[in-house]
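**Student:** So the sequences go chain by chain: E, W, R and X. According to my numbering, the first sequence holds residues 4 to 228 in order. According to my numbering, the second sequence holds residues 4 to 228 in order. According to my numbering, the third sequence holds residues 8 to 302 in order. According to my numbering, the fourth sequence holds residues 8 to 302 in order.
It cannot be assumed that every hint is accurate.
[Unchecked claim] Derived lysine-lysine pairs resembling DSS-like cross-links, with alpha carbons at most 25 angstroms apart: (1) X:K111 / R:K158; (2) X:K111 / R:K111; (3) X:K298 / W:K56; (4) W:K96 / X:K298; (5) R:K173 / X:K251; (6) E:K174 / W:K207; (7) X:K298 / E:K97; (8) E:K174 / W:K200; (9) R:K298 / W:K96; (10) X:K173 / R:K251; (11) E:K126 / E:K185; (12) W:K71 / X:K298; (13) E:K96 / W:K96; (14) R:K207 / X:K298; (15) R:K301 / E:K97.
[As the list claims (entries may be wrong)] Partner residues aside, some chain X positions facing chain W, computed with beta carbon under 7 angstroms: (16) Y11; (17) I212; (18) G217; (19) A218.
[As the list claims (entries may be wrong)] Anything over 10 angstroms on all C-beta distances counts as not near chain W; from chain E, calculated: (20) E32; (21) S59; (22) K71; (23) Y74; (24) K188.
Simulated from the structure, these hints should not be mistaken for lab results. Computed from a predicted structure; not experimentally measured. We put the CB at the ideal spot given by N, CA and C, even for glycine.
Chain residues, written in single-letter form:
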Amino acid sequence: MIDFVHVVKTYPNGTVALNDITLHIDDGEFVFVVGASGAGKTTLMKLILREEKVTSGKIIVDDVDITKLSYFKVPHYRRNLGVVFQDFRLFPKKTIYENVAFAMQVVGTPMKVIKRRVPALLKTVNLSEKSKCFPNELSGGEQQRVALARALANNPSLIIADEPTGNIDPKMSLEIMNLLLKINKLGKTVIVVTHEKNLVDYYKQRVVILDHGTIIDDRVGGMYE
Amino acid sequence: MIDFVHVVKTYPNGTVALNDITLHIDDGEFVFVVGASGAGKTTLMKLILREEKVTSGKIIVDDVDITKLSYFKVPHYRRNLGVVFQDFRLFPKKTIYENVAFAMQVVGTPMKVIKRRVPALLKTVNLSEKSKCFPNELSGGEQQRVALARALANNPSLIIADEPTGNIDPKMSLEIMNLLLKINKLGKTVIVVTHEKNLVDYYKQRVVILDHGTIIDDRVGGMYE
Amino acid sequence: MRRYRVSYFIGQALQGIWRNGVMSFASIAVLMSCLVVLGAFTLLVVNINTNLENLDEANKIIVFLDYNLTEEQIVDIERQIKKIKEAETVKRITADEALRSLAKRAGENALLYDDYFKDNPLSDSFEITYDDVKDLTTIEFELQSIEGVRKYRDQRYIVNLISDIKSGVLFVFLWFLVMLFIVSVFIIINTIKLSVYSRKNEISIMRYVGATGWFISLPFILEGAIIGLFASIIAYFVEEYLYKSLVGSLGISIEIITLIPFSELAGGILAVFIIIGVTTGIMGSSISLSKYTKK
Amino acid sequence: MRRYRVSYFIGQALQGIWRNGVMSFASIAVLMSCLVVLGAFTLLVVNINTNLENLDEANKIIVFLDYNLTEEQIVDIERQIKKIKEAETVKRITADEALRSLAKRAGENALLYDDYFKDNPLSDSFEITYDDVKDLTTIEFELQSIEGVRKYRDQRYIVNLISDIKSGVLFVFLWFLVMLFIVSVFIIINTIKLSVYSRKNEISIMRYVGATGWFISLPFILEGAIIGLFASIIAYFVEEYLYKSLVGSLGISIEIITLIPFSELAGGILAVFIIIGVTTGIMGSSISLSKYTKK
Ligand SMILES: Nc1ncnc2c1ncn2[C@@H]1O[C@H](COP(=O)(O)OP(=O)(O)OP(=O)(O)O)[C@@H](O)[C@H]1O
Ligand SMILES: Nc1ncnc2c1ncn2[C@@H]1O[C@H](COP(=O)(O)OP(=O)(O)OP(=O)(O)O)[C@@H](O)[C@H]1O
Ligand SMILES: [Mg+2]
Ligand SMILES: [Mg+2]
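Chain E on its own, in the form it takes in the complex (with noise of 0.2 angstroms):
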């Protein structure tokens, strides 16, 4: 359960990104954060894991206020979110494979669990071969599968997708959101964001317009503009 409480966000350079932002997310809900370039996607996203603070206003997950959230309690916190970053930030000196287990790793994953998940989640996202690869060494629709895998791997309760799609083909991008579609349908929160209007009139889900910080349409089944 995510509950945005009137949020405000202000960038250090004086943008507002977010502006009064009130905003309830149930467990087990699929959300499409859709908007223009620059409406503040991102920075939602970016206030959920923590990696920005919110100017004013809170944010509640899960009971628990996590604009409050001490500096030793984030990694905790972070663990039960499996995130795609719109840049990907995958690890430039560790394999595929790496990349992948080293999200478990964090968690203290016994070594033989580790074995046989990242195999397993790679193949999901049809990167079978590619495991012992550097990211640099991937298409750009391949990393971002990467990252797919590696937000999948501690089967997080909340999956937040930030354009899981930007740089894969219709095909594979109808596959991955049958995928997370999949994984909300067994009880997992999963928001993303996209700006494929395709994917987001097909599926007919709950809709989150943002535009300018401000969200100026939010309906289930609600159509893309």
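Chain E is already provided as a structure; the job is to place chains W, R and X with the ligands on it using the hints.
**Tutor:** Chains W, R and X with the ligands in isolation, oriented as in the chain E frame:
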């Protein structure tokens, strides 16, 4: 005029990214390159840019076999190209303004020309207010547009755009595509890699479809898939 | 909480060193250089110190006795002198010995003394050595109360001179050594800072994935330690080579200087190198990490 | 080809230094440290050398003349000796003077000489000083052919000893200085390498945009030069402070050691610092750049 003659590209780790590509692009053409993730689209672009070298075959650009270009001539060759990279490749320690200006400084453009042209370019991509920001202070789509502005800076005769709308909302995407088409009308050659079915279908230009490193379709007005 | 395995951290550290070859190499090179310089200078100071110790001969007092004392009286005086705690050694010099050494000192003109050997005009004397210049005053005070002592001569001027030089030289060199040490540590820390800096992206990604500060830091700190260890071992061998080649080319030309053989110092040097190398390596990474793990 | 403006490159360099604050700071700090150590050691060597020069007194030969020469003969001998090119100064010592200095040397026992002053058994002599130990043999050869020279005494042993010590000490220190220099250059270059390394992405993007090698390199090289300049100026002031405070605390305790005042060396130090700082800064960046501009 670009000519690929039996081009093969195998990466050091053994991946065959392009397999016997023969392709002719005339001056002033507008070409979409589409294909699944990992099909070799970016590799094709990198070969034209001479970022990667061919394994075998020839690439002739304006009567010069660029596979034989000496190290010293490469920069001068590149100045005739305007490239939007899939991963943007902006200078992290330069402001948006400086990022675009740098491309012009490279070719020795006088200061007063730069001072006039850069703001105009930023206006074209709708980023006038962001000129003093650093790349990490921009949203994904904004960064992509900066990359586009930089590609256009020197009025190149060949423009290569790798997923120029990958992070951009549909409305802005249309604007950018229209801009590229306008430039194409002025006589410039434009090559656009994209996976946005809508765009490709809408514009009815020449479409080259790549699959596992080979061209499986190449016709004007060709439908995506 | 689940268990983390030590092997994981060591593996990560080694991987980090290997995959960031340029940086690791540069860090090891810098660290090693600093240690070599530091070590070479320490060897220099140790050698200078040892050689200065040999200048201690000047620490003696000559005590001249009254003329015409009986043997018994002289023995009694000797006993009394030996009672002075601060006197290290006491040596009797007979009048004849004194005359002979005088004649010898005259060199060319020794023959001038020939006449005197028949009827020695000198008295017996004692040569007292002591350890520390500070004892001089005490000894001289005690001597005053001994009957039969005509006068005594210390070499206070020479003693002070040598002791001045010694303390001056040591002062300069120790001061220099301290400076060198501080500078080395500073350089090493800065170098490791630079190398951590160039990986700050990696570190911040770790944070985003939910890694705690210590989980991120441990491999880096181990990396620092391993780099420090490598550097110190290499530095040790470089030092050995340099010192031995120096001793080799110097040993022939000067005999009055005693050079301490390397083997005598080897253990200490290696130990100190490893301690400094590993400590600074760890310190360097810890300091720079704290900046990047707090996001 | 269009013109590029110098101001552009300088501007880029300054921007680079400013925007990469951490790296620039670390590089300046390391460079500065190396220069300070190098400078301090040079000052040490210069001072040691000056003080060793003062030990030159031993460079003299005493020439003893036959007994009972007439004044004319002695003057004639003096003339002949003065003709020897290698003889720097020639000083006549009369028999009386010689006796007096002998008596003085006997210290306690000067009275032994009393008798001889009535009928001096010594001969006149000359004291010849010379510049270089190598001249000794020539001078002695010439002396053999002079009538009336009974014998002569050089201080070859002492001379050789002192000269050995001098050359030994200088050898060790110069050797050390060279090592320090090499190590410093090595450290500086490695540091700048690290800092260029952490910007290799930036460099490769420049290449993609069509920048030529020199266009990319020039700002980096200027950056290296400016960092070198900063570092050397700071190092100069640190050095001045350190040296003056050392002279201050040392000057009181020892008088026989002459410490060269800082002002006498200041210009040279600053010049050398700037030369080394700027050169290594430029070298460091050029070396590391060549790797990344070739893509
Ligand atoms: N670190 C930052 N500092 C300053 N301004 C920022 C920063 N990050 C984002 N912004 C600005 O905040 C606004 C919202 O950015 P955000 O990244 O949330 O947009 P977005 O909706 O994700 O856009 P896109 O679809 O292009 O990714 C933009 O105007 C952007 O320029
Ligand atoms: N530097 C590299 N080293 C090794 N293999 C590489 C490298 N770059 C790309 N590849 C591989 O070559 C193939 C083609 O890559 P390319 O980047 O051209 O794909 P793409 O068509 O651009 O895909 P996308 O739409 O995902 O960007 C992929 O399988 C990729 O893994
Ligand atoms: Mg975004
Ligand atoms: Mg691609």
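**Student:** Would the pair K174 (chain E) and K200 (chain W) pass a check requiring their Cα atoms to be no farther apart than 25 angstroms?
**Tutor:** 10 angstroms, holds
**Student:** For a C-alpha distance cap of 25 angstroms, please report whether K96 (chain E) and K96 (chain W) respect it.
**Tutor:** 22 angstroms, holds
**Student:** Are the Cα atoms of K174 (chain E) and K207 (chain W) separated by 25 angstroms or less?
**Tutor:** 20 angstroms, holds
**Student:** Keeping to a limit of 25 angstroms between CA atoms, is the pair of K301 (chain R) and K97 (chain E) held or broken?
**Tutor:** Given that 25 angstroms is the threshold and the Cα spacing comes to 22 angstroms, the pair holds.
**Student:** Is the Cβ of Y74 (chain E) more than 10 angstroms away from each Cβ in chain W?
**Tutor:** About 22 angstroms separates Y74 (chain E) from the closest Cβ of chain W, which puts it past 10 angstroms; holds.
**Student:** Under the criterion of a CB-CB separation shorter than 7 angstroms, is Y11 (chain X) in contact with chain W as hinted?
**Tutor:** Holds. Min distance 5 angstroms.
**Student:** Looking at S59 (chain E) again, its CB stays over 10 angstroms from all of chain W?
**Tutor:** Label holds. Min Cβ-Cβ 20 angstroms, cutoff 10 angstroms.
**Student:** Is the hinted pair K71 (chain W) and K298 (chain X) satisfied, with a Cα-Cα distance of at most 25 angstroms?
**Tutor:** 21 angstroms, holds
**Student:** Grab the minimum C-beta distance from A218 (chain X) to chain W and call the hint holds if it beats 7 angstroms, violated otherwise.
**Tutor:** Since chain W brings a Cβ to about 5 angstroms from A218 (chain X), closer than 7 angstroms, the hint holds.
**Student:** With a cut-off of 25 angstroms on the C-alpha distance, tell me whether K96 (chain W) and K298 (chain X) pass.
**Tutor:** Given pair K96 (chain W), K298 (chain X) holds - Cα atoms ~21 angstroms apart, limit 25 angstroms.
**Student:** Any CB of chain W closer than 7 angstroms to the CB of G217 (chain X)?
**Tutor:** At about 4 angstroms, which falls below the 7 angstroms cut-off, the nearest Cβ of chain W leaves the hint on G217 (chain X) intact, so it holds.
**Student:** Using Cβ atoms and 10 angstroms as the threshold, tell me whether K71 (chain E) really stays out of contact range of chain W.
**Tutor:** Per Cβ check, K71 (chain E) is outside 10 angstroms of chain W; nearest 26 angstroms; holds.
Checked against the numbered hints listed earlier, the structure breaks none of them; every hint is satisfied.
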